[in-house]
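*Asks:* Sequence:
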Amino acid sequence: MAVLSKPEGDQLSIQDFFAPVERQIWQRQMEKATADAAVAWAIEHPPHIAQEAAEAQKQLKRKRNAEVKKKTHAKKKAQQIQDGIRDADGKLIKVIQLPNDVQTTMTGESLSALTNAQRKKRQRVTAKTLRDEDGNLINPTYAQPPVKRINWFHPLLWPAIDASARRVGFYPQRIVDDLQQRYRTTGTYNSLRRSTVSGWILKFQVSRRWTDAVISTTEDGLCWKKNSGKALLLDEEPQLVADVTHALRALRKLGLPVNASIARNIILGFVQQKYPHVLQAASSTSALTPKLSIHTVRRFVRRELNWVVRAGTKASQKLATNWELDCDKAFFRLVHTVFQEKIHPSLIVNVDQTGVVLVPGGSQRTYEERGSKQVLLHGKEEKRAFTFLKSIQGNNVDLLSAAEVEEHLEKEEEDDELEDEEDVPLEVIELVLAYRGGKNESWDKIQRQDKRQDKRRDAHGQDSDWNEARNASAAVSTQDKEGGEDEEKKVLEVELPPGFRRSTRFGGRGAVRYREIEEDDIYLDEEEPEAEDESGAAWADERASRM
Numbered sequence: 001m002a003v004l005s006k007p008e009g010d011q012l013s014i015q016d017f018f019a020p021v022e023r024q025i026w027q028r029q030m031e032k033a034t035a036d037a038a039v040a041w042a043i044e045h046p047p048h049i050a051q052e053a054a055e056a057q058k059q060l061k062r063k064r065n066a067e068v069k070k071k072t073h074a075k076k077k078a079q080q081i082q083d084g085i086r087d088a089d090g091k092l093i094k095v096i097q098l099p100n101d102v103q104t105t106m107t108g109e110s111l112s113a114l115t116n117a118q119r120k121k122r123q124r125v126t127a128k129t130l131r132d133e134d135g136n137l138i139n140p141t142y143a144q145p146p147v148k149r150i151n152w153f154h155p156l157l158w159p160a161i162d163a164s165a166r167r168v169g170f171y172p173q174r175i176v177d178d179l180q181q182r183y184r185t186t187g188t189y190n191s192l193r194r195s196t197v198s199g200w201i202l203k204f205q206v207s208r209r210w211t212d213a214v215i216s217t218t219e220d221g222l223c224w225k226k227n228s229g230k231a232l233l234l235d236e237e238p239q240l241v242a243d244v245t246h247a248l249r250a251l252r253k254l255g256l257p258v259n260a261s262i263a264r265n266i267i268l269g270f271v272q273q274k275y276p277h278v279l280q281a282a283s284s285t286s287a288l289t290p291k292l293s294i295h296t297v298r299r300f301v302r303r304e305l306n307w308v309v310r311a312g313t314k315a316s317q318k319l320a321t322n323w324e325l326d327c328d329k330a331f332f333r334l335v336h337t338v339f340q341e342k343i344h345p346s347l348i349v350n351v352d353q354t355g356v357v358l359v360p361g362g363s364q365r366t367y368e369e370r371g372s373k374q375v376l377l378h379g380k381e382e383k384r385a386f387t388f389l390k391s392i393q394g395n396n397v398d399l400l401s402a403a404e405v406e407e408h409l410e411k412e413e414e415d416d417e418l419e420d421e422e423d424v425p426l427e428v429i430e431l432v433l434a435y436r437g438g439k440n441e442s443w444d445k446i447q448r449q450d451k452r453q454d455k456r457r458d459a460h461g462q463d464s465d466w467n468e469a470r471n472a473s474a475a476v477s478t479q480d481k482e483g484g485e486d487e488e489k490k491v492l493e494v495e496l497p498p499g500f501r502r503s504t505r506f507g508g509r510g511a512v513r514y515r516e517i518e519e520d521d522i523y524l525d526e527e528e529p530e531a532e533d534e535s536g537a538a539w540a541d542e543r544a545s546r547m
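full-length UniProt numbering numbers the first residue of the sequence shown as 1 and each following residue consecutively.
Certain hints may be false.
To be verified - Below, computed lysine-lysine pairings styled on DSS-like, alpha-carbon distance capped at 30 Å:
{"hint": "1", "residue 1": "K318", "residue 2": "K342"}
{"hint": "2", "residue 1": "K94", "residue 2": "K63"}
{"hint": "3", "residue 1": "K63", "residue 2": "K76"}
{"hint": "4", "residue 1": "K77", "residue 2": "K58"}
{"hint": "5", "residue 1": "K70", "residue 2": "K91"}
{"hint": "6", "residue 1": "K61", "residue 2": "K71"}
{"hint": "7", "residue 1": "K75", "residue 2": "K91"}
{"hint": "8", "residue 1": "K390", "residue 2": "K342"}
{"hint": "9", "residue 1": "K329", "residue 2": "K318"}
{"hint": "10", "residue 1": "K342", "residue 2": "K253"}
Unchecked claim - Per label pair, the in silico range of CB-to-CB distance:
{"hint": "11", "residue 1": "V258", "residue 2": "D83", "range": "57 to 63 Å"}
{"hint": "12", "residue 1": "V335", "residue 2": "P276", "range": "42 to 48 Å"}
{"hint": "13", "residue 1": "L319", "residue 2": "P276", "range": "43 to 49 Å"}
{"hint": "14", "residue 1": "E219", "residue 2": "K71", "range": "28 to 34 Å"}
{"hint": "15", "residue 1": "K411", "residue 2": "D352", "range": "24 to 30 Å"}
{"hint": "16", "residue 1": "D89", "residue 2": "E304", "range": "49 to 55 Å"}
{"hint": "17", "residue 1": "N190", "residue 2": "A54", "range": "27 to 33 Å"}
{"hint": "18", "residue 1": "P159", "residue 2": "T185", "range": "17 to 23 Å"}
{"hint": "19", "residue 1": "P159", "residue 2": "R249", "range": "18 to 24 Å"}
{"hint": "20", "residue 1": "L156", "residue 2": "T72", "range": "25 to 31 Å"}
Hints listed in this document are in silico derivations from the structure and should not be mistaken for laboratory results.
Built from N, CA and C at the ideal position, the CB exists for glycine as well.
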């Protein structure tokens, strides 16, 4: 039976109020009443106020829990300080008790801690306070630390294992159970497993026993033997090992880098050239390659040479202990050579170089637009620089640097390419360069001589200038013929610049400059062509007419 409620403003009698109604009408009335109540509550309590109130209650609850936890921890810590587990500052006191006898019951710190028998405490990967969207705590994940291996053949651990095996028989599970039961207080053998012990026992025999490898390992001092791992193929030839190590040390002595790939190729080269029988033992080169893997080569250089991978240092070379003696020897050696060979000071040149940096390199920072996601930077380790070479002779003559010589040559090439419109239309102008005492005159003096000759040409005319040059050349040529070979030896053979020819004036120490060279030009100082040549006959006739 359901009761029908009537809207506000209308009054119902008690009989009508309790009168039976249909179920559907009652449900609609209840839904409407619930919705009206929710609207009224929402008007009185806005959503943000309700949310803040709920959050405040949660924060208060967390604060109370933290205070309770803090008090509990402080009480526990005070009790540990009173019991001597912690010191006065609240730090744990580390106590290690070494047992005198392995077979006796041990108390205190576990012996397994001494042999790395347990893992470290797992570290959290996610934070404790990490929560999801609904505010619930997320279960933290842990990073599994690497497993630390235990040397069960240690002198403090193996005697108990061997005694247990002889007591209960060589059955792996019985040995593990017996050890863990006897040392349950210390937990020394809690991490020992049946599968580990099973690998030490020789099965499928009439009487079980330890394997030969275990016996060989524990018979000498009950510990691992040196170099008891997998034998290398190179160990069969000690001389091969010596040759390889000598070659590798020689490379490092020169400062060359040596990595595993280079060392592997050197080993293969020695095997193929000097020890081919090692290849026969390996049946083929392809069969030798797996035996000389990169891992094997690394183990070889670590074992034989005690080498590890290192980064190249940038420290400067250190001075030798006898550097002063070496400097004195070098100085006296130079002095002896100079005096013994009578070397002129001008032939002793001191050269030095320096780097002139234009744009410094190696910087990891640069200007870039604010807010840029990517900052592209090339040439981080490069520098923009040039090398300046300077030299000086022993007679205090400063020689041109490489940059100055290059600039001078470029300027000369540019001057040669330019066409001189003021060239005199004469075929030859006499004596623009003279060699006196075997030394060249400066180019400034040559230019002054050119100007003086230009003035003479303008004052006396072409005929006067040409006759003077012709008479001077003829007089010197006659004198050379009368003097014979002795006079000709005094003539200096000097290499002249382009555009110049040797002259007979001043005993062969002069030169003639040719402004314009054409096919029909006449060279007074060149050798006479052969008579049968038509050009040679014309040259001789022209010279005879002018002489």
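*Asks:* Hints first: check each against the structure and report whether it holds.
*Replies:* Going through the hints against the structure:
1. Pair hint K318 plus K342 does not hold up; C-alpha atoms about 36 Å apart against a cutoff of 30 Å.
2. Taking the CA atoms of K94 and K63, the gap is near 34 Å; set against the 30 Å cutoff, the hint is violated.
3. A distance of roughly 20 Å separates the Cα atoms of K63 and K76; the hinted pair therefore holds under the 30 Å criterion.
4. Restraint check: the Cα-Cα separation between K77 and K58 comes to about 28 Å, which is no more than 30 Å; the hinted pair holds.
5. Taken as a hint, the K70 and K91 pair is honoured in the structure, with Cα atoms around 17 Å apart against an allowance of 30 Å.
6. Under the criterion of a C-alpha separation no larger than 30 Å, the hint pairing K61 with K71 is consistent with the structure, at around 16 Å.
7. Simply put, K75 and K91 have alpha-carbon atoms about 15 Å apart, close enough for the 30 Å limit, and the pair holds.
8. A threshold of 30 Å between alpha carbons decides the hint, and for K390 with K342 the separation of about 25 Å falls inside it, so the pair holds.
9. Between the alpha carbons of K329 and K318 the distance comes to roughly 19 Å, so the proposed pair stays at or under 30 Å and holds.
10. Pair hint K342 plus K253 does not hold up; C-alpha atoms about 40 Å apart against a cutoff of 30 Å.
11. Here the CB-CB span from V258 to D83 is close to 59 Å, well matched to the stated 57 to 63 Å.
12. Between V335 and P276 the CB atoms are about 56 Å apart, so this pair departs from the stated range of 42 to 48 Å.
13. L319 and P276 have their C-beta atoms about 47 Å apart, which keeps the hinted 43 to 49 Å range intact.
14. Taking 28 to 34 Å as the suggested C-beta distance range, the pair E219 and K71 does not conform, at roughly 60 Å.
15. Checked against the hint of 24 to 30 Å, the pair K411 and D352 passes, with Cβ atoms roughly 26 Å apart.
16. Distance hint for D89 and E304: a CB-CB separation of about 51 Å, consistent with the stated range 49 to 55 Å.
17. At about 48 Å, the beta-carbon gap between N190 and A54 misses the expected band of 27 to 33 Å.
18. Range check, P159 to T185: Cβ separation about 18 Å, and the 17 to 23 Å hint holds.
19. Under the hint 18 to 24 Å, the C-beta atoms of P159 and R249, about 44 Å apart, miss the expected range.
20. Checked against the hint of 25 to 31 Å, the pair L156 and T72 fails, with Cβ atoms roughly 39 Å apart.
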